[in-house]
Amino acid sequence: MNNHKLSIAKASEGIRQREITPSELLESHLKRIERNEHDIRAWVTVDTDRAREAAARLTEESKQGQFRGPLHGVPVGVKDIYYSAGLRTTMGSPIYSDFIPIKDSAVVSALRDAGAIIIGKTETTDFAYTDPAPTRNPWNLQHTPGGSSSGSAAAVASGMCPLAFGSQTGGSIIRPAAFCGVVGVKPTYDLLSREGVYPLAWSLDHVGFFVRSVLDASLVLGALTGNEMPSLDNPLAEPPRIGLLRGFFQDHADGVVWEGFMESVDELREAGAQVVETPLPDSFSVVHSAHRLIMSSEAASVHQDNFRSRLDDYRRKLRGLVASGLLVPASAYLRAQRIKGLFIEEVRRTLKGLDCLITPSAPTPALLGLESTGDAAFNSPWSLTGFPSITVPSALTKDGLPLGIQLVNLPYQEEVLLRTALWCEEALGSRLWPPDYP
Amino acid sequence: MEPKPSKEEIFVRLLGEANKRWGKEVAQELKSDIERASEAIWQVEKFKLEPENEPSRPPGRV
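Chains A and B supply the protein sequences, listed in that same order. 5 is the number of the first residue of the first sequence in this note's numbering; add one for each residue after it. 13 is the number of the first residue of the second sequence in this note's numbering; add one for each residue after it.
Misleading hints may appear alongside valid ones.
[Said to hold, decoys possible] Straight line, CA to CA, 27 Å or less: simulated DSSO-like cross-link-like pairs of lysine-lysine:
| hint | chain 1 | residue 1 | chain 2 | residue 2 |
| --- | --- | --- | --- | --- |
| 1 | B | Lys16 | B | Lys58 |
| 2 | A | Lys321 | B | Lys43 |
| 3 | A | Lys321 | B | Lys32 |
| 4 | B | Lys32 | B | Lys16 |
| 5 | B | Lys60 | A | Lys356 |
| 6 | A | Lys321 | B | Lys19 |
| 7 | B | Lys36 | A | Lys321 |
| 8 | A | Lys14 | A | Lys35 |
| 9 | B | Lys16 | B | Lys43 |
| 10 | B | Lys19 | B | Lys43 |
| 11 | A | Lys35 | A | Lys9 |
It is worth saying that the hints were derived from the structure and are not from the lab. Nothing here was measured: the structure is a model prediction, and the numbers come from that model.
Please model the entire structure based on the sequences and the hints provided.
Structure representation (structure tokens):
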């Protein structure tokens, strides 16, 4: 039986109905990892023994009729920048190669309380920046899975686990999710706690996750926030009003991406969505510069001490970010934060009367080669604002690589965002599995 | 009133500082990152802001 293909919704229902146990579900994913990890390289550490112990406990609980919620017995991967008690957490760097935290991050702790089973730690780029991890894209092993949440995206895409956690400072959830043909969720800034997640830039870092469907995203977010989230039983009352952003996005998207994106937009329109041409706010012209200055200055502050004593352990791209951040004057950093404030207000006004904004999830499909994790330019504006965003698989290119649509909404409007995403997912009808990892 | 510095002036200043901090060889290695930082600083410096444009706070509830 292909238990690895069960959605969180179906697995949870199966566990509740005693059609499958947490131990059986875990074993199907461990087998999947054993078979495919050599190709894909999604994991830093697979914590097999402790995962099996947890699964046995949760199986016993379910036999006693005790269910902790929709994540009871669900195997989860966690990006290797999240502290996990007693389990090596490397940040993707030799500086932390032997680091074993004594405490869980807030999200890992919440997952365990919810009955999720931490399978292990997924590959990350060094300190979640852009020096690549060894992970490969399950859609084509010659291509990057994107980053920095490389392992989490690839693990979910290839059926190694139905849920994996990542982080985004620029585009590190949305872009790898799009490259790997899965749903990626970047909630509102600090909706999910960053406590115990190694920072890259405090005011830009977001905790988020990867799943295979918007319904699963709803279940996960509902379980972790205690908020009511959309289900298939309560869809949107009427088709959504979607603000289409062109300008920068059209100018910088690959031809193949823009063509695929507009075909998806046409499908949404034909399904009944009102697609509204929406101009970019004035401050958008400097948004990427502001993001860069904030990210580099804050990363420089995070790494200042290690940078002095362990310079040789910093790979090229992060070294450049930290060094340039140390050179940015305080006045420029503050000006960037003022632009951020202005951009937030302008995007709020832009979103008035709309259910979401829509853009392609990335300027390109997954790039050939592993040297670059891709371009975060389509995602970093929403990381800057802290507004929630989601990517939904939309189509495949002629070369068989996934494309995604990115939806953005106002802070703390995850319910509307997910409801709209659910509607779009149904309208587009693209639930994708990599052909080599069915 | 002193004019805003050009991109090149910002770059020269930052490169000079990098030379002082890390030496010429490392500074040269970092040239593309310093160019990128200079471009970003120049862009935000020339963007017009009003005094009431405060630095951002975390997004509040609508």
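Here is what the structure says about each hint:
| no. | hint | in the structure |
| --- | --- | --- |
| 1 | B:Lys16 with B:Lys58 | 8 Å, holds |
| 2 | A:Lys321 with B:Lys43 | 12 Å, holds |
| 3 | A:Lys321 with B:Lys32 | 21 Å, holds |
| 4 | B:Lys32 with B:Lys16 | 24 Å, holds |
| 5 | B:Lys60 with A:Lys356 | 25 Å, holds |
| 6 | A:Lys321 with B:Lys19 | 22 Å, holds |
| 7 | B:Lys36 with A:Lys321 | 19 Å, holds |
| 8 | A:Lys14 with A:Lys35 | 19 Å, holds |
| 9 | B:Lys16 with B:Lys43 | 22 Å, holds |
| 10 | B:Lys19 with B:Lys43 | 14 Å, holds |
| 11 | A:Lys35 with A:Lys9 | 13 Å, holds |
Violated hints for the displayed structure: none, as all numbered hints are satisfied.
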